[in-house]
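Novice: Sequence:
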Amino acid sequence: MTSMENPLPSKSAAPLAAGATALAPESRIVGVDVLRGFALLGILMVNASLMAGVPEFHQGDSKSNFDHFAEWFVAALFETKFYLLFSFLFGYSFVLQMRAYQRAEMPLAVRHLRRLVGLILIGASHAILLYPGDILTTYGVLGFALFGIRRIHPRVALLVAAALFVFLAVAFLATGVMAIGIGDATDSAELDSGPNLTDLYRGDVGDVIAANITMVREMLVGAIMYSAHIFGAFLIGLAAAQYGVLDRVDSVLGKWRRRTLGVCVVGLVLGVPGAVLMAMIEFGPLSDRYYYLGRAVSVLTAPALTALYVCCLFALLRSRLGIFLGRPLAAAGRMSLTNYLGQSLVLAVIFTGYGFAQYGKVGPAALVLICLLIYSAQLAFSTRLMDRRRYGPMEALLRRITGPQ
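Under the numbering used here, read the sequence shown as residues 93 to 497, first letter to last.
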């Protein structure tokens, strides 16, 4: 792979305010924080379905038209798109962190590797105690690989990302063809949780942890497969940061205007149909025999829809409504780790034996409303807290693990 003489140039980085530390909030790029805050909504919508036991709810006869629309809506607009956005931002932030360490003349390797270990430890605890679909552990592990190729040229990074996406799509396509050939309509992503798992999630603390461990084991293969998708998004984020794409909101709609319009067209032409197709396969009217074929399409088209979301959000930020929404979104993004874990904690209290044990009792439509309430509360709380503090609680913990700043 081609390397750059100076892979992390600092000329595009914003100068530090007088008296500010190298890694203080003053050096942050607001657009990145806004996107993180926005991504939290999509992550919550998707994760809540598993934590609430929606498949168990469907075993009854209480599924309404509102429920059907809600699950179709979430599948089309949220599934896949927002973990890609989070992954893109991880790669983008990786470059920003490297620049900050260079400006402050801090040792790079040890601090960053300690940060990755911290993510793995926090993620593993999160998976066992709260949400078995945790993404932090995967980020921590893949972060070592990203660090190893940090000098990669941005164009090469984009080519590798495209190759990873195609590889995963071909793998799903081959699996789908075989599944159709043998008449296997089983969706491997739908875990056979069974009544025993429901009992565990409605049980005591030990039962909930046992259920989470079971789910972690069952989801491991899927996590490994989708690592290619996640790492590809890392690389796109890394390349985008080296080009300074998000350094200012205006750059997306000004300097990058033509490319932004091109991204919007691709998102509409490829991203939207791909999302609709996947939702039709998962929740009708198409047969679930085509599940893997739909996944292959989604792997290739979801990034286009994610990019469309980014462009639309940045355009919104220039409007009056955007001015109103920008501050709470940025605040939520600044403490995105705390909010991500907080979402799982609140959902666990509602749906497991940690609290009200409503697992499998709430339908998709009601769950969407619950998610919107949780997200709204997080925006309000984040805005208030970030007015008083530099970091959220978990961000402060991760900084302690990383070392003196």
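What the hints contain is simulated information worked out from the structure, not anything from laboratory work.
Take the hints with a grain of salt, since some may be wrong.
[Stated by the list, open to error] Using C-beta positions, here's what the derived DEER-type ranges look like:
no.: 1; residue 1: G273; residue 2: L413; range: 47 to 57 angstroms
no.: 2; residue 1: P199; residue 2: D380; range: 48 to 58 angstroms
no.: 3; residue 1: I274; residue 2: A469; range: 25 to 35 angstroms
no.: 4; residue 1: L465; residue 2: E197; range: 19 to 29 angstroms
no.: 5; residue 1: T475; residue 2: V269; range: 30 to 40 angstroms
Ideal Cβ positions, reconstructed from N, Cα and C, are used throughout, including at glycine.
Novice: How does the Cβ-Cβ distance of L465 and E197 compare with 19 to 29 angstroms: does it lie in that range?
Specialist: Since L465 and E197 have Cβ atoms about 46 angstroms apart, the given range 19 to 29 angstroms is violated.
Novice: Range first: 25 to 35 angstroms. Now tell me if the beta carbons of I274 and A469 are that far apart.
Specialist: violated, 47 angstroms
Novice: Mind checking the hinted window 48 to 58 angstroms against the Cβ distance between P199 and D380?
Specialist: With a Cβ separation near 52 angstroms, P199 and D380 satisfy 48 to 58 angstroms, so the hint holds.
Novice: Is it true that G273 and L413 lie within 47 to 57 angstroms of each other by Cβ?
Specialist: holds, 50 angstroms
Novice: Does the beta carbon distance between T475 and V269 stay inside 30 to 40 angstroms, or does it fall outside?
Specialist: violated, 50 angstroms
Violated hints, in rising order: 3, 4 and 5; the structure is consistent with all others.
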